[in-house]
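Following the hints, put chain B in place on chain A, whose structure we already have.
Residue numbers (numbering that gives the first Met the number 0), protein chains in the order written: chain A, 0 to 492; chain B, 0 to 482.
Just so you know, these hints were derived from the structure itself, not from any lab.
Worth double-checking, as some hints may not be accurate.
[Unchecked claim] If the Cβ cut is set under 10 Å, some of the chain A residues that face chain B in the computed set are:
(1) Gly54
(2) Thr58
(3) Leu97
(4) Lys99
(5) Phe228
(6) Arg229
(7) Phe230
(8) Tyr280
(9) Pro282
(10) Trp295
(11) Thr364
(12) Gly365
(13) Asp433
Beta carbons: idealized from backbone N, C-alpha and C, even for Gly.
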Amino acid sequence: MATWDPEFEVVIGLEIHAQLATETKIFCGCPAKAPEGKNVSEVDSNWNTCPVCAGHPGTLPKLNARVLEYATKAGLAMGCQIRENSVFSRKNYFYPDLPKGYQISQFDKPICENGTIEIDVGKDKKTVRVQRIHMEEDAGKNLHMDDFSLVNLNRACVPLIEIVSEPDMRSPEEAGAYMRAVHAIVTTIGVCDGNLQEGNFRCDANVSVMPKGSKTFGTRAEIKNVNSFRFVEKAIEYEISRQIALVKSGGKVVQETRLYDSAQNKTFSMRSKEEAHDYRYFPEPDLIPVKLDKNWIEKIRETLPELPAQKRARFVSELGLSAYDAGVVTSTGSLAKLLEDTLALTSKKGIDAKTAAKSATNLLTGEISRLSKEEEKDVSESKLTAVHLADLVHAITSSLVSSTGAKTALLAAWNGEGTIESIIEKHGLKQVSDTGALEAAIDAVIAENAGQFAEMKSGKDKLLGFFVGQTMKKTGGKANPGLLQELIKKRLS
Amino acid sequence: MSHFQNFSSIHDAFDAKKISATELTKEYLAKIEASKHNAFLTVLKDRALKQAASADAIIAAKGKVPRAEMPLLGIPLGIKDVLTMDGVRTTCASKLLDNYIPPYTATAVERLEKAGAISIGKLNMDEFAMGGSNENSAYGPVDHPTHPGYVPGGSSGGSAAAVGADLCAAALGTDTGGSIRQPAHYSGIVGMKPTYGTVSRYGLVAFASSLDQIGPMTKSVADSATLLEVMGGYDPLDSTSSERTLEKFSQIAAKEPDWKNLRIGVPKEYWVDGIADDVANRVRESLKFFEKKGAKLVDVSLPHTQYSVSVYYIVAVSEASSNLSRFDGVRFGVRPASLKDAKDLADFYKKVRAQFGPEVKRRIILGTFALSSGYYDAYFRKACQVRRLITHDFNEAFKHCDFIAAPVSPTTAFKQKDQTMDPLKMYLNDILTIPANLSGLPGISVPCGKGDHDLPIGLQLLGPAFSDGGLLSLAHAFEKGRA
Numbered sequence: 000m001a002t003w004d005p006e007f008e009v010v011i012g013l014e015i016h017a018q019l020a021t022e023t024k025i026f027c028g029c030p031a032k033a034p035e036g037k038n039v040s041e042v043d044s045n046w047n048t049c050p051v052c053a054g055h056p057g058t059l060p061k062l063n064a065r066v067l068e069y070a071t072k073a074g075l076a077m078g079c080q081i082r083e084n085s086v087f088s089r090k091n092y093f094y095p096d097l098p099k100g101y102q103i104s105q106f107d108k109p110i111c112e113n114g115t116i117e118i119d120v121g122k123d124k125k126t127v128r129v130q131r132i133h134m135e136e137d138a139g140k141n142l143h144m145d146d147f148s149l150v151n152l153n154r155a156c157v158p159l160i161e162i163v164s165e166p167d168m169r170s171p172e173e174a175g176a177y178m179r180a181v182h183a184i185v186t187t188i189g190v191c192d193g194n195l196q197e198g199n200f201r202c203d204a205n206v207s208v209m210p211k212g213s214k215t216f217g218t219r220a221e222i223k224n225v226n227s228f229r230f231v232e233k234a235i236e237y238e239i240s241r242q243i244a245l246v247k248s249g250g251k252v253v254q255e256t257r258l259y260d261s262a263q264n265k266t267f268s269m270r271s272k273e274e275a276h277d278y279r280y281f282p283e284p285d286l287i288p289v290k291l292d293k294n295w296i297e298k299i300r301e302t303l304p305e306l307p308a309q310k311r312a313r314f315v316s317e318l319g320l321s322a323y324d325a326g327v328v329t330s331t332g333s334l335a336k337l338l339e340d341t342l343a344l345t346s347k348k349g350i351d352a353k354t355a356a357k358s359a360t361n362l363l364t365g366e367i368s369r370l371s372k373e374e375e376k377d378v379s380e381s382k383l384t385a386v387h388l389a390d391l392v393h394a395i396t397s398s399l400v401s402s403t404g405a406k407t408a409l410l411a412a413w414n415g416e417g418t419i420e421s422i423i424e425k426h427g428l429k430q431v432s433d434t435g436a437l438e439a440a441i442d443a444v445i446a447e448n449a450g451q452f453a454e455m456k457s458g459k460d461k462l463l464g465f466f467v468g469q470t471m472k473k474t475g476g477k478a479n480p481g482l483l484q485e486l487i488k489k490r491l492s
Numbered sequence: 000m001s002h003f004q005n006f007s008s009i010h011d012a013f014d015a016k017k018i019s020a021t022e023l024t025k026e027y028l029a030k031i032e033a034s035k036h037n038a039f040l041t042v043l044k045d046r047a048l049k050q051a052a053s054a055d056a057i058i059a060a061k062g063k064v065p066r067a068e069m070p071l072l073g074i075p076l077g078i079k080d081v082l083t084m085d086g087v088r089t090t091c092a093s094k095l096l097d098n099y100i101p102p103y104t105a106t107a108v109e110r111l112e113k114a115g116a117i118s119i120g121k122l123n124m125d126e127f128a129m130g131g132s133n134e135n136s137a138y139g140p141v142d143h144p145t146h147p148g149y150v151p152g153g154s155s156g157g158s159a160a161a162v163g164a165d166l167c168a169a170a171l172g173t174d175t176g177g178s179i180r181q182p183a184h185y186s187g188i189v190g191m192k193p194t195y196g197t198v199s200r201y202g203l204v205a206f207a208s209s210l211d212q213i214g215p216m217t218k219s220v221a222d223s224a225t226l227l228e229v230m231g232g233y234d235p236l237d238s239t240s241s242e243r244t245l246e247k248f249s250q251i252a253a254k255e256p257d258w259k260n261l262r263i264g265v266p267k268e269y270w271v272d273g274i275a276d277d278v279a280n281r282v283r284e285s286l287k288f289f290e291k292k293g294a295k296l297v298d299v300s301l302p303h304t305q306y307s308v309s310v311y312y313i314v315a316v317s318e319a320s321s322n323l324s325r326f327d328g329v330r331f332g333v334r335p336a337s338l339k340d341a342k343d344l345a346d347f348y349k350k351v352r353a354q355f356g357p358e359v360k361r362r363i364i365l366g367t368f369a370l371s372s373g374y375y376d377a378y379f380r381k382a383c384q385v386r387r388l389i390t391h392d393f394n395e396a397f398k399h400c401d402f403i404a405a406p407v408s409p410t411t412a413f414k415q416k417d418q419t420m421d422p423l424k425m426y427l428n429d430i431l432t433i434p435a436n437l438s439g440l441p442g443i444s445v446p447c448g449k450g451d452h453d454l455p456i457g458l459q460l461l462g463p464a465f466s467d468g469g470l471l472s473l474a475h476a477f478e479k480g481r482a
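So that you can see chain A by itself, here it is in the shape it has in the complex:
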């Protein structure tokens, strides 16, 4: 928990940019994502550009209908009102990565308004209001070399929604929880792939401090482009301490844009309000106003899947998961889907739902989360499938593999080594549950350690562990530990 001078209160609002997972860009037919199986960093610069997204003179934007659908879906999932009449506007500013010299965005008539998102703060729940969600195009990317710069337009014209919260958060943890909640929603409803590393989900944080009990907010600073849950909390934490120290030393917070440097864990001034742009918004004359039909909006509402909050509650009540575990497995759409697909398969294998859920969740919150973090890969990008996981759960619950063996099998499946059956075979992970083989091994260990066996028999229980360990060693770690212990205990009576 972040702490600060209790004389001060903190006010935080977030603007989240989520890239919509459409096949094509928002205003032209170019692909909006890297080709199947390729990472964004692996594709050539400007591979997916055309006269429209490169901003050639004379070209015109044409709205991608799927963008409307996804933006509406996101708005409905966040409890927003959907505008039946919304308007695109031009946001004018000069920057080399902006091909047209203006960004097509929405200004005074955004597609979604007035939503809410519930977040968990410790054991409490809190509602954060969503002010608006609007559609816009992304810009390109500048690459600065020693004495020249390059522009990559792969991202230009890629569809984004900007989700703007009210300044309802009061701590870095609340901001982090809100960002995670929004991430869980957009990935669960499938409108955003949620990839933070690639910048497909990023946020700007508006932070201010004020004396406790004050009715008016302090002057805010905006921290731009943070693309990690952890960094958003750290950046805000730093910003709070910076602002409080400033105010206490008699200084004043200036309204400005700041950047967070994660290596130094500090924020730096980028530009002040005096240098701020006058964006000269005006209605985009090249696009007609968007008119949505009530029935169409209702049809989109019907396609909404179970949302993360509902899913979490159901996992706790139906599957007996802890609140924490349920939170982890519903934090992204892909994790929740993997669990549910797995349970559908294990139920066919006749495994009790709660047992299967417990076993699968242990893997999801443990080894799978670890691999996902380590390799910066979403589970959906790995080779691991629900079939793997179901087979593995079956192997664990039927004592076919040990917990150590299960980890090895999981890693192999993640890397695409084949079916769980073939992996167990290949890596020799099968537990020895054959009593005859185990008895023989026990005999051998007792013969080698006759003295200790006598001590144990005369009451030195602590030596049980030693004998289990030695026998396990003899079987090359493959013995079923429960069965082994049972058999050794029998020798004592």
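Same frame as chain A, but now just chain B:
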């Protein structure tokens, strides 16, 4: 040298083997070469001859011109240099685009070429279509087709001069505040601005997106109808293009208007002070012609006309300030030699954008101001509101009449360098053409006689939105009746 009055006489000559498309193209190329009008910025000799050869091959194979399928086969057209053609330099008569070669073709040009048209060259114009005399071109002014030393009008001055001097069979122009109709009037040809949304703007380098419209500039109304029929119609690449099915303009234009039931509106506000006598007289004679034919003349009122110039010079320049921002020297816009000493990005932009001509700079600055925070409500928003009132005026007027007849511009063509020093006077010349752009309505300028110094005069006819067919039919009957 051959001289043809319209497309069908060219096709008749092709059919009779009096001339081939290649021969005709060569004749035009020679005329362009010899001309001193400065109408062309780029002559597409090789490309045009290739197109002509394939036109001749089609005519030879079919025995005659397949007019229904390829109504423009072998017809050499000039294209205003604000329309893109794949691989062909497109300058917008600006130094900034001196080396710009677009990788795609404008929908209108593509459709004309598909119908067999030959693109013989790119035509001079006012820089970025900003101006009314063609004196704002970075490549020098264009001379009047028949009166050396006079302006041909603008911004489609190159188009008007080329058609008027018969340097091509017809041309494309663009009209944002009168840029087709006014030069047609000055140069003695037919020029039409279709209803906004009739012709796709895809590939038209935007000046003011909500006002720009591509249109034909021709020697006859029938040719305008043919060009519009070919290049018009819904284009999925332009969200503002109309989805309604296009009328068969060439057939409608040939029909005689129903004179007995026709009401021609005469707006009192269009008879402003400063309308020259010769212009007023020719337009009055034209009204009498309609009356004689049996049409009824009706007095109508367009009360907000006086605000149209102010509204236009806020809306158009605001949109232009945004449309032209991509010419920043990063991807588009020539980088001048002085860029080597650019101190930073701001200085870089400054040096690149110093290359705009004075009129373009003036409009970018005005537009940036009108949109800036604190002034938006007073200027841009207010202008949009008044724009709606101007449209409402027309809706009311068209309850009492079918079409409106008026002068195109207060005077005939003036001498070069006469008005360029006084931008405000130039702006006021547009008062009779601007309202149609603000309201998206179709308008046509059709020759109605000569004035002092034998300078041409055009009659402007305006109609309700999507009455383009009826407008062409009326203009055609007028043209025929006068001859």
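Legend entry - Hints not upheld, ascending by number: Of the numbered hints, 5, 6, 7, 10, 11, 12, 13 do not hold.
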